[in-house]
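Peer 1: As a plain string of letters, each chain reads:
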Amino acid sequence: MKSFFQFIARHRVLASTLFLMIFPFIMPYEALAINILIFGLFAMGFNLLFGYMGLLSFGHAAFLGIGSYLTGIGIVHYAMPWGAAILVGVIGAAIGGLIMGFLAIRTRGIYFSMVTLALGQIVFYCFYKAESLTGGENGLRGVRVDTFNIFGFPVDFLNPLVKYYIILFFVVIAMWLISRILSSPLGAVMEAIRENEKRAAACGFDVARTKLLVFVLSAAICGLAGSLRALHLSIVPIDSLHYLQSGQAVMMSILGGMGTFFGPFVGAAVMLYLEDVVTTFTKHWMAVIGLVFMFFVLFFPKGIWGSILSKLNLNQDSK
Amino acid sequence: MTGLTFELLCMQLLTGIALGSIYALLALGLCLIFGMLNVVNFAHGAFFMVGAFMGVYFLGVTGNFWFSLILTPLATGVLGLVTERFLVRPLYGRGIDYPLLLTFGLSYVLIEAMRVTFGIEGLPSVTPDGLKGTLDVGIGFFPKYRLFLIAATTVIIFAVWFFIQKTRYGLIIKAGAADQEIVKVLGVDIAKVWLMVFGLGCAIAGLSGILASPTRSVNPEMGIPILAESFVVTVVGGMGSPVGAVVAGLLVGVVYSMASLFFPDLAELSIFVLMAVVLLIRPQGLFGKAGAMG
Chain S
1 MKSFFQFIAR HRVLASTLFL MIFPFIMPYE ALAINILIFG LFAMGFNLLF GYMGLLSFGH
61 AAFLGIGSYL TGIGIVHYAM PWGAAILVGV IGAAIGGLIM GFLAIRTRGI YFSMVTLALG
121 QIVFYCFYKA ESLTGGENGL RGVRVDTFNI FGFPVDFLNP LVKYYIILFF VVIAMWLISR
181 ILSSPLGAVM EAIRENEKRA AACGFDVART KLLVFVLSAA ICGLAGSLRA LHLSIVPIDS
241 LHYLQSGQAV MMSILGGMGT FFGPFVGAAV MLYLEDVVTT FTKHWMAVIG LVFMFFVLFF
301 PKGIWGSILS KLNLNQDSK
Chain R
1001 MTGLTFELLC MQLLTGIALG SIYALLALGL CLIFGMLNVV NFAHGAFFMV GAFMGVYFLG
1061 VTGNFWFSLI LTPLATGVLG LVTERFLVRP LYGRGIDYPL LLTFGLSYVL IEAMRVTFGI
1121 EGLPSVTPDG LKGTLDVGIG FFPKYRLFLI AATTVIIFAV WFFIQKTRYG LIIKAGAADQ
1181 EIVKVLGVDI AKVWLMVFGL GCAIAGLSGI LASPTRSVNP EMGIPILAES FVVTVVGGMG
1241 SPVGAVVAGL LVGVVYSMAS LFFPDLAELS IFVLMAVVLL IRPQGLFGKA GAMG
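Line order of the protein sequences matches chains S and R.
Count the first sequence with our numbering and you get residues 1 to 319, in order.
Count the second sequence with our numbering and you get residues 1001 to 1294, in order.
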């Protein structure tokens, strides 16, 4: 049994992909599965910075929002093809990450969280005020992608299952990238910085540059999640940029298990599924998720996936 | 620019100081808890919001603003005591992120609790009778309530300063922040001190909530933007510096109100830009120590 789990741990991207291929059939409906896919990616991108390098950002909604808005603006105002619009969203989020990261990594610890939160608010107000481009409070409407051709085959983006697999394609690429980063020397340096920043610096690693690089990578992945969300929802709500949205990434990572590869995904799935179930009988869903989150912080800091992994006694750095 | 007079500038400056005094009070509460317990209270905005609701509620029940000014901080203070004892205390020694995350979760619960109790629309804010209208301040007419706000926060800030600097309890708090081991050895129950400091910080947050309530709309989401703004104040002032909290609070308030006079569209942005500039020049904040950022 144990060797089976070790096999999965060695091929985490493949295992995750296979699982996600059948995922929409486990969920009650496809739109929820797509939502989990997108927020799972968002939490994974966030976790790269938080779980693996120990930097708790409270401004990651900025990157989800930049990705969403730039993709949306590209399609609505400039009639871009959707592939190019995704690229614009990702590059925009990476540039945003470069600027925000440059300012934020000058600070440490709790200061870092506060600064990222405040910088995230700058992005919020910028998009909020640019009403002619972003629709302000009403959000950006009409991000339409319906039918297009891939190698001559017509693809119906309005079919939920088709949409799921197209989005999954991008998510798998991002997952593969994350996995490669984590098993590269860069991944080792990231964990060294998390464990002891001073010692990592003394070993000759450029701590500031690593932090900035990972910040940008994390921003780009969250930007991709945002771009995909714009295509999925066909509108971009202004809430995307709100710091409670940043908090959702934090909650999902903690709930699933920070510093694990698949944990953030599990966290996103549990949280969104819970939201779906709870909202059918009470509208006070925030209280429920708040309590669940507090419970996990107090009693299960490793999260669901992290606890399972340590029960199975799998080596943390292989998963 | 037409109509820009010296009087208008002064009035706007006064408005900024009134706004800034609320920021200063909030940041002072944050700073007190952080300096002593090394905890960033992410629910601080939520305590502010609860304070505003309690204030309006008590005002409705008792009909007396002064009563509610006493009852509200007591209520949020007790809420703070319970929070520290049962939620924050188990997390000491588990790193700096966990209490922050827990209080973030708590803010969700508090927002929903107010929605359940008072409805999602919130409550109409009330200005107490004696403080309605305006007063001639020599250069024009200024709302009485804002003058009261400035006076009240000055008194509170001075009282907190007196408590920390001049009393025996303050001495213990300061000593505990500097070296908790020594204080323990001297026979002080440090856990009780932490409990009290957390309660005091939450009481101050609640007090700023009721004080601010007549100047803004009282709804469950009102604590959300103010939390980000009080973080800006803390970053500008320097983490853990009470003087920094007060000075930066006033500065942020004045910058906001001046920006809304000259560039109304960019008013919200202005304080964040201020923060970015301060960060570039002094990452540790105006009054922070270079080593105190960890």
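It is worth saying that the hints were derived from the structure and are not from the lab.
Any given hint could turn out to be false.
What the hints assert, rightly or not - Here are a few chain R residues that face chain S, going by a calculated C-beta distance under 7 Å:
1. Asp1097
2. Leu1101
3. Gly1105
4. Tyr1108
5. Phe1231
6. Ile1281
7. Pro1283
Positions of the beta carbon are idealized from the N, C-alpha and C atoms, including for glycine.
Peer 1: Hints first: check each against the structure and report whether it holds.
Peer 2: So, going through the hints one by one against the coordinates:
Interface hint at Asp1097/R: satisfied, since its Cβ lies 5 Å from the closest Cβ of chain S, which is below the 7 Å cut-off. Look at Leu1101/R: its Cβ gets to within about 5 Å of chain S, closer than 7 Å, so that hint holds up. Satisfaction of the interface hint for Gly1105/R is found here, the shortest Cβ-Cβ separation to chain S being roughly 4 Å, below the 7 Å cut-off. A hinted interface residue such as Tyr1108/R counts as satisfied when its beta carbon comes closer than 7 Å to some beta carbon of chain S; here the least separation is about 3 Å, so the hint holds.
Interface restraint check: Phe1231/R against chain S, minimum CB-CB distance 4 Å, threshold 7 Å, status holds. Against a cut-off of 7 Å between C-beta atoms, the interface hint on Ile1281/R is violated, since the closest Cβ of chain S lies about 10 Å away. For the restraint placing Pro1283/R at the interface with chain S, the shortest Cβ-Cβ distance is roughly 4 Å, inside the 7 Å limit, so the hint holds.
Against the hints set out earlier in the document, a violation occurs for number 6 only.
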